[in-house]
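Peer 1: The primary structure of each chain is shown beneath.
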Amino acid sequence: MTDRPEFLRKVYFRLPAIGIFVGGLIVWEGMVRAFDIKGFILPAPTAIAATFASETSDLLAAGAGTFSTALAGLLLGGFLAFFTALAAARWRFVRDGALPFAIAANSTPIVVLAPIANSWFGLRSPFGSIFVVAVLVFFPVMINLVRGLLSVEASGIELMESYAAGRRTTLWKLQLPNATPYLFSALKVAAALSLIGAIVKEFFGGSQERLGQYITTKAGLLQFEEAWAAIVLASLFGIALYNIVVLIERRVIPWHVSVRNA
Amino acid sequence: MSALSLRGVGKVFNPGSDQEVQAVHGVDLSVERGEFISVIGPSGCGKSTLLRLIGDLTPPSSGTVSVNGKTPARARLDRDYGMVFQSATLLEWRRVAANVELPLEIMGMDAAERSRQAAAMLGLVQLDRFANHYPWQLSGGMQQRVAIARALAFKPSILLMDEPFGALDEMTRERMQSELLRIRAETGTTVVFVTHSIPEAVFLSTRVVIMSPRPGTITEVVDIDLPEPRSDDTREDQRFFELLTDVREGLRAVEDS
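Going line by line, the protein sequences match chains W and L. Under our numbering, the letters of the first sequence match residues 503 to 764, in that order. Under our numbering, the letters of the second sequence match residues 5 to 261, in that order.
No lab work stands behind these hints: they were computed from the structure. All values reported here derive from a predicted model rather than from experimental measurement. Among these hints, one or two may not hold up.
Straight-line distance between alpha carbons at most 30 Å, and here's what the computed BS3-like set of lysine-lysine pairs gives [as the list claims (entries may be wrong)]: (1) 512/W to 690/W; (2) 675/W to 74/L; (3) 675/W to 690/W; (4) 675/W to 159/L; (5) 159/L to 74/L; (6) 540/W to 720/W.
Only some residues are given here: those of chain L computed to face chain W with a beta carbon under 10 Å [unchecked claim]: (7) 60; (8) 80; (9) 81; (10) 83; (11) 86; (12) 96; (13) 107; (14) 110; (15) 155.
Beyond 12 Å from chain W on every Cβ pair, some chain L residues (computed) [unchecked claim]: (16) 16; (17) 67; (18) 127; (19) 175; (20) 185; (21) 219; (22) 228; (23) 230; (24) 235; (25) 245.
Cβ atoms here follow ideal geometry from the backbone N, Cα and C, with glycine treated the same way.
Let the hints inform the model, and build the full structure from the sequences given.
Peer 2: This is how it looks when you write it as structure tokens:
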């Protein structure tokens with residue numbers, strides 16, 4: 503159990519954020535009612551909440567499908583990026599050959615692959631979405647990891663040399679730990695990207711039990727409360743995924759500046 | 005057998021290019037076991053390069069270096085050196101004890117032995133109570149003591165120190181110097197110590213080696229005949245001041261030439 507003063511202190515520091523959130527909802531609700539804004543333009547928060555309650559099972563099914571696709575793509579892209587980064591850090595020619603393209607690819611809107619993925623994997627295959635997400639996640643994670651692996655202080659390398667440590671030992675004991683903060687900042691970006699990739703890919707077809715399809719279908723049927731409920735759910739999943747990464751980060755790198763005082 | 009022997013050692017960086025730099029030139033030096041040698045000289049005179057040549061972090065362009073009768077490379081593989089740099093270079097993800105254990109881990113010592121040895125070393129530098137702290141929770145002087153404990157953890161016969169107290173304030177610095185002398189007395193380690201500070205060199209050393217500006221070479225060696233063991237009183241000894249003057253004049257002669 504958290505002791506009480508500590509808990510109260512945390513609530514106290516969050517009061518401004520809570521205030522803005524609640525205030526925002528009240529203003530939203532008030533505007534919709536005062537100006538009689540139509541549901542197809544902007545439904546009221548209460549209407550969205552009511553839809554959330556009545557459509558819970560459909561929404562959660564779609565959400566779970568999208569979330570698991572995003573997670574699978576995130577893990578696949580992350581693993582591929584990890585091993586590519588190791589190779590790039592180890593061999594200069596891999597680095598010099600591949601990194602410029604990786605950086606270029608990272609600057610392009612990779613989601614444009616989404617409609618193409620359907621013709622590669624078929625409309626119904628989950629691998630299309632996983633593929634799009636994996637490609638999307640791959641580049642930022644890889645580039646950040648390479649940076650982390652290589653940005654060790656020269657004196658650190660000399661220290662390892664003075665112990666007659668081999669390359670593998672230097673990698674495990676110096677470079678990889680040094681790269682973990684870089685990995686986590688990349689994963690926080692990648693967490694958001696993975697949901698974007700999954701949902702955009704779903705806009706272009708596939709199973710009905712996915713958030714992307716759910717939103718386009720409901721919007722097409724002018725059922726905007728449902729569409730908005732799905733949008734809210736997508737946001738909640740995004741926030742959840744980000745926070746999972748943050749929680750893992752706090753456990754893995756408690757020593758790092760970014761985590762120390764958090 | 006000398007602990008260290010340098011014969012006509014020179015180092016040229018980027019040979020043949022327009023950025024060619026002759027860092028060190030024609031260095032002859034012999035260091036006996038248990039000696040404490042300070043190397044002092046103007047900035048950029050190749051003091052650090054000399055240390056790195058001894059430690060096999062860079063190969064000489066000419067001449068020979070021999071360490072405990074071996075090549076520097078062999079000596080490095082045999083873990084004859086401990087190194088301490090100007091920055092403590094602690095691994096920030098390891099707690100203090102784990103930092104001291106790092107070289108032992110690399111050498112394949114088993115965990116129980118390792119933690120025993122790390123505890124002993126932290127005792128030596130009087131940081132037992134900080135074994136579970138992270139480096140960032142320690143002051144600069146304490147971090148440098150951890151670095152010394154780490155360098156001594158595998159009982160190297162030679163300690164190479166590159167301006168280890170350069171970033172510390174004067175009081176901490178003097179305390180660290182006394183500490184280092186006590187540790188050396190307990191371990192019998194041979195020390196080669198690079199510094200900018202004349203009092204530091206005189207207080208610590210058995211001999212002070214004065215180097216000229218680039219290309220760095222040894223212009224004078226001053227024997228330090230201060231009584232042992234040295235203490236804070238040594239710093240107020242008449243002989244201490246005479247030796248300071250000797251070293252200062254040696255340095256001035258070098259800078260004027």
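Peer 1: Taking the hints in turn, state whether each one holds.
Peer 2: Going through the hints against the structure:
| no. | hint | in the structure |
| --- | --- | --- |
| 1 | 512/W to 690/W | holds (23 Å) |
| 2 | 675/W to 74/L | holds (28 Å) |
| 3 | 675/W to 690/W | holds (24 Å) |
| 4 | 675/W to 159/L | holds (21 Å) |
| 5 | 159/L to 74/L | holds (18 Å) |
| 6 | 540/W to 720/W | holds (16 Å) |
| 7 | 60 | holds (8 Å) |
| 8 | 80 | holds (5 Å) |
| 9 | 81 | holds (5 Å) |
| 10 | 83 | holds (6 Å) |
| 11 | 86 | holds (8 Å) |
| 12 | 96 | holds (5 Å) |
| 13 | 107 | holds (5 Å) |
| 14 | 110 | holds (5 Å) |
| 15 | 155 | holds (9 Å) |
| 16 | 16 | holds (20 Å) |
| 17 | 67 | holds (21 Å) |
| 18 | 127 | holds (22 Å) |
| 19 | 175 | holds (25 Å) |
| 20 | 185 | holds (23 Å) |
| 21 | 219 | holds (23 Å) |
| 22 | 228 | holds (27 Å) |
| 23 | 230 | holds (30 Å) |
| 24 | 235 | holds (32 Å) |
| 25 | 245 | holds (35 Å) |
In summary, the structure agrees with every hint in the numbered list given earlier.
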